Amino acid sequence: MPMKIGERSFDNRVKQGIDNTFMRDAVSSAQARFQSNKAKAEEQLGHWEEWRELSEEIRAHTLENLDFYLEQLSENVTKNGGHVFFASTGEEANDYVKKIAQEKKAKKVIKAKSMVTEEISMNEAFESVGCEVIESDLGEYILQLDDHDPPSHIVTPALHKNKEQIRETFANLKGYEKTSKPEELAQFAREQLREEFLTADIGVTGCNFAVAESGSVALVTNEGNARLSTTIPKTHIAVMGMERIVPTWEELEVLVTMLCRSAVGQKLTSYVTGLSGPREEGDLDGPEEFHLVIVDNGRSNILGTAFQSALHCIRCAACINVCPVYRHVGGHSYGSIYPGPIGAVLTPLLEGYDDHKDLPYASSLCAACTDACPVKIPLHELLIEHRKVITEQEKMTTLSERFAMKGFGMLASSPALFHMAEQAAPAMMSPFTKNGKIESGPGPLKDWTNVRDFPVPEKESFRKWFQNRGKEES
Amino acid sequence: MKVSLFITCLGDVFYPGVGKDVVEILERQGCEVEFPDAQTCCGQPAYNSGYHKEAKKAAKHMIKTFDSAEYVVAPSGSCAAMFREYEHLLEDDPAWKERARELREKTYEFTQFLVRVLKVESTGAVLHANATYHSSCHMSRLLRETEAPFRLLSNVEGLTLHELPNKNDCCGFGGTFAVKMGAISEQMVEEKVEHVEETGAEILIGADSGCLMNIGGRLQRGGKPVKIMHIAQVLNSRE
Amino acid sequence: MAKGTVQNQDAFLQNIADKLGRERRSEGVKRPQYKHSPQHDILRGATIKEMVEVLKEQCLAIHTDVKESSKADLENVLEEVMKEYGADKAVAWDDPRFTEYGLESFLQRPNMTIWGSGPDEDNIRITEQAEAGITFADYTLAESGTVVLMNGGGRGQSVSLLPTYYIAIIPYSTIVPRITQAAGEIHRRVEKGERIPSCINFISGPSNSADIEMNLVVGVHGPVRACYILVDDM
Ligand code: SF4
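Residue numbers (full-length UniProt numbering), protein chains in the order written: chain A, 1 to 474; chain B, 1 to 239; chain C, 1 to 234.
Please keep in mind that the hints were generated in silico from the structure rather than gathered at the bench. Any given hint could be a false lead.
[To be verified] A short, non-exhaustive set of chain A residues, derived as facing chain B with CB atoms under 10 Å: (1) His-328; (2) Ile-390; (3) Glu-458.
The structure presented is a predicted model; accordingly, all values stated were derived computationally and were not measured. Where is the CB? At the ideal position from N, CA and C, for every residue including glycine.
Please take these sequences and the hints and turn them into a complete structure.
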């Protein structure tokens, strides 16, 4: 699955999202649950702001010295006996893993959830060389069975589906006969997937954090599928976005704390696993071969720009879980595997504005995302920054908007003009005024009055009142 | 104490009554209120839309306008927050940046000014009503002022304040967002209206005219009997 | 262990340096003195007794059964847990602590396999068929209810993963406040130039998922139940 999902226009996607009441109910109750779990986790931890500042500091330092830490990582992975491949593009990464699959004559690949492999369509790459790819994360498994429905959330990818839909999918495609109880559905997936784990040739995982000092890859999961993917198959390929790295285990610990609490409100998820190379002499499980694929795929273009902090993201989805826009339109409306505020920031950076120029405007700039982010990425400011690039560099806004804004600049810096406009307002609006309100406004006001009334300008502005008052007094 | 009032565009044209209440309350607290006549708009519509050249013009003009002010007070968390954004906007120009910093340090939202600077806890207001309060995003998250309005409202005689469910959610105003992303904004304001109705309040109070105009406009369109009031109006009530 | 290969490193890293607008950095980077260190304040100075209480409390939250035992009584408690779970076939780590804790005869029980006692593939198959996997904890994190396993050799990572139930024996002496102390210890080993195990697990209870309508389901791909046996060894 590539990063971009679907071909419909943004407006169409939004309309479809808004009309999907089931999905909206599901998202809304999930958000409520996520939010209260996170709030509890923050409170239990205490000193949340200090933790955030520490985390931000760690991320900023690491990104500022990314070349250094990646080199250290690579050195240590190879010392541990693992192989490292630096991929500038998704294509290079895919070519590399295809070669491994062919060398191993692999028939079956078992995958744990990984956003970066989605981003670069790695599944298709394996399939093109005759490998069957099986997603083992419960949510991803459901989506894969359901004709590759795209994920709508970066932590719980099947958030938009209800259990009845899942039961149907299992029944139609896998002969499932039980009820739609989540326990039974999960039990069924466990049984279905166990044998796949035992017979897979290659396990593919993402990487929540790589640790430079020891050449380790840390995986943070609840289901245990990432552990299975890295314990049984003979070959393990870990794929990481190049920014997902920390200097040492001391930083790892802090960010894992923040990730677990922010993503799911847990102190730690059931499994946090640190993998440092392939199995050693005398080990009887774990992969015999370990490959780390470090992917750039547009990320380096973000370095050194006003958007650099977007690379601090630890993919916890806290910003998505508080976003009111996401709540109403759902993940698929973003047209990207990265939805929500971070998706609106990241997608245009990685894929350009052409297909995604609406995303930075899909926010009321309420800053709930910025407040939620455990590594203090100023998400709403980055959205404004995008708008600035779209207007000033890409020149993608409409002529009428540019004209209006030019006018605004003149008015706002010239008191005389500004006062004239203010004075003209009541007269200008009077044709549209009925019963002391405006129900159908002209021009851009129409979009306002489509859904709500607009107030009528008062005859006497505050300014006038204040001036007259002064005269009366003196 | 001399206070320079920044009335804001909406306050000047649509809600002049709010400004009058602000002036009366401040004067009763012994402030001398002045109104720099050259003031225009804080520039937020342009800033948020990415037109930073235009926003800078507005910013510089406002900095000049309020240069000699001792305190700047605005009956809007959002517009006050925009003043605080100037430093960032004018980052590339050290001299202007410094002037922006000076402006930031003396700028307050109205209730914030009452509580933090004047140390006022009660304005002696009386309002017999059931009400709920909508915290604007910019006031609570950008200005980080979450207490002042509640402290003042808790001392209004006769006022029963019901907590608004999901009180941290945006109402869907967002300036140009309300028209540019009308379909989404509609869902957000509708949700907010539902929450307001759940409280059973007859009055919705807010400290930002933009939010009030948005929620109020939706309430009115739906024929809902909930009245909107700016917090300055409540704090100056004698009913 | 033979050193692995690296491809495309130089161009890749040079590009990063270019984008950051500076020369490539290959050495001399020091970690900053971080402004805050809240991680060290959690359960600072707590006694073992206090940490045991925190741990027990946390086990409720992570759906993990807890038993307490003396060293002498450990075998009985283990048998008890096996009975409760209806488990018969079991796999245990090849770990001298079993002997230290007087569990020789427990290891002799029928249907008990010691990891590493069969040929390679068999170990995984046998473990996959087992009802219970039993290991000691190397560190135990009070705050999060986590056992830390330094796998390798006779300590197969499969033992805590493949069986239906997972039983962890937790000597009091392994208990530390939180992940900070365990990670700090691993960091110090790395700094000293030691090789750390190729697989280190932090396990907090049974596997679970909330992927279906945000309902918590306990027991997905890993064990469906977990039991911690706390042993006072101090
Ligand atoms: S931007 Fe922040 S809140 Fe959003 S996913 Fe990334 S780390 Fe989490």
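Each hint, compared with the structure:
no.: 1; hint: His-328; result: holds (4 Å)
no.: 2; hint: Ile-390; result: holds (6 Å)
no.: 3; hint: Glu-458; result: holds (5 Å)
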